[in-house]
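**Student:** The chain contents come next:
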Amino acid sequence: MSIIEKIKENLKVRIQNNLQRDYIRKILNIIGSKPLLLAYGATFSSQSDKYLNIVSIKNIKKSYNKKSPTAYGSLFLPYELFHSLEIVPFLPEVIAGFTGGLGITDRTLKEASSKWYTPDLCTFHRCASGAVELDLFPIPQFLICATLACDAAQKTFYIDAKKYGIEDNFYLVDVPYEKNSKSISYLAEQFKMISKDISTKLQKNLDFARLENTIKLSNEFRYWALKVNDLRKELSVYPKNFNGLNFIFPFHGLAGTKDAVILYKNIYRELKKLLDKQKNKKIKTDRIKRLLWLHLKPYYKNEIFTLLEKNNYILAFEEINYVYWPELDSENPFESLALKTLSHPLNGSAQNRVDMIMEIVKDYRIDGVVMFSHWGCRHSNGSGRIIKDSLKKIDIPTLILDGDCLNKNNSSSGQITTRLQGFMEIINSRF
Amino acid sequence: MYTCGIDIGSVSSEAVILQRDDLKKDDKNFSIIAYIISSTGGDSKEAAEKVLGNALNKAGLKREQIYTVTATGYGRINVPFADKNITEISCHARGVISYFPDIKTVIDIGGQDSKVIKLDSRGNPIDFLMNDKCAAGTGRFLEVMAKALEIDLSHFGEIFTKTSEKVDISSTCTVFAESEIVSLVGHGVDKNKIIKGLVYSISNRIISMVERIGLEEPVCITGGVAKNFAVVRALEELLSVKIYVPEEPQITGALGAALLA
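Here the protein sequences line up with chains A and B, keeping their order. Per this note's numbering: the first sequence = residues 1 to 431. Per this note's numbering: the second sequence = residues 1 to 261.
Treat each hint with caution, since some may be false.
[Said to hold, decoys possible] Only some residues are given here: those of chain B computed to face chain A with a beta carbon under 8 angstroms:
#1 Leu61
#2 Tyr74
#3 Asn78
#4 Asp83
#5 Ile89
#6 Ile126
#7 Phe128
#8 Asp132
#9 Leu215
Because the hints were derived from the structure by calculation, they are not lab data. Note that beta-carbon positions come from the ideal geometry of N, C-alpha and C, so glycine has one too.
Work out the full structure, taking the sequences as your base and the hints as a guide.
**Tutor:** Structure follows, in structure tokens:
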């Protein structure tokens, strides 16, 4: 184990032994200070990982410090709204994923269980609720969630609001099933009302200039994210430890910030260099098989990606990185953000997700699709059959890999390894 | 030349030694020199050593005469002397087509897991399903129930054929099902009817996997449970198909491993 890894391990153990909000804040303030953060960033072997960690720590730190109000948000909201209102987004489900890396999910799950959160609820939400019950997450001033996935937040955020006595600051965004002009107006009106209400509560006027700037930054982020996705269509080699499944927080929570622009610009630069090398045939890629990964991954120690790498498999693309929305219109910001939300492939019919998958399979020359079937995720798992059937029609093997992203006790590593290895053997037999 | 396949399962381990003219993937000219079936116990490495040693003795061969060893099964990664490891999915598929070349669906019911494998016209696996973390639908389920009923598993076939009525077992969990049958016996319910109910219970778990993956004939069953006549009959009845059973279904994985060596 390197010195850096030892330091990280030591930090993890310290947090495990001091599970308190103030201690987490203290740690975040120490590692989140500029010199230390840059030094920490320098420990990563790739630029993409470096910037991902820097922007993530920086923004989580903000949510623990009380300089600006913190707002809990469910995953697929347009976070441009938060940034334009100068409220710091905190995504409990996503941060619950970080708790997996910290090795504290046994504690958060136990706490959730003792507070009557049913075991068949998604583990991301149970871990998040457990962390709130244990007073580990920052105290929110607002809570905003959507009827769009991940919809467990509708109930759990309300429980959180009650805990902090701020039920009046709980907002539920009703996202219509159909994507049409009526839905856009209906949703835009809700975004407008929520923005006005929060501004009033913060004793401010709705800052349209700031909203316009946020929209501009969001478009810039989108531009770089699309460039990254475009070059990945050809890319077959990645920086060490690069995993596209790690980018869910900035992809959503930082949309509309300079941090997202910087991060995606840096990912592009790093991957572009690799693509150039690949094109100059300095890197052999002929034996590499290309997978599309659906949903997320386990956030505790697991063998999945080592096994894939050992067998020359790469994640050519992940559905979570698909840019699903059109360029935003700064002259109609609320309508534009409504269209963005309605365009999410998990909204509406399951066919929307299938269409996205078909497009990715074609564009990224996919050899096989792995759908990680995370325990309790109805939104994703409910489409398993139609996805598998559709891919079968175009002769693409699909593996529905049952598991749990956060609860290692609800997932058998032996079974996962056998399924994954068996799946690779099926793909290999085609070459 | 000689190749060896070793299948380390959770309950039993098998070794098969083959004599072959060449190492072609679709080799048909091979002969089984020896095979061994023994219990795995608590140590996979030890089980692998033991089963190989016994197979070599039976064949009258020395270790260095074996050209290559392939490990499969749950404990495949714990066979230090194996030249490679391949999953049970590919090995069962290969083993089955050496018996029945036209098979399209393989049902494998082992001690700890059960799986359904779909094959293409060349016998390559194209899709598969495995049971989840629960022991219902595996050999362990039947073993636990036989013990609770104090009836040897080998009698299940005869009892199944002779008994016309069954008692539905509502619990799918092995532990709860065990309590349920203890309670049924306590209430004086005929043990034969309980056995018939248990056989349908495990078979229904398998049927749901077969239906999910899509039934395509001909169908073959492998694994230790394939020796249980009652389960094979129940599956045939529920699927309305004939199910082929290899001569020694328990060595199919090891045979496939030896052929893929």
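**Student:** Compare the structure with each hint and give your call.
**Tutor:** How the hints compare with the structure:
| no. | hint | in the structure |
| --- | --- | --- |
| 1 | Leu61 | violated (29 angstroms) |
| 2 | Tyr74 | holds (6 angstroms) |
| 3 | Asn78 | violated (11 angstroms) |
| 4 | Asp83 | violated (16 angstroms) |
| 5 | Ile89 | holds (4 angstroms) |
| 6 | Ile126 | holds (6 angstroms) |
| 7 | Phe128 | holds (6 angstroms) |
| 8 | Asp132 | holds (6 angstroms) |
| 9 | Leu215 | violated (15 angstroms) |
Hint violations for this structure: numbers 1, 3, 4 and 9, all remaining hints satisfied.
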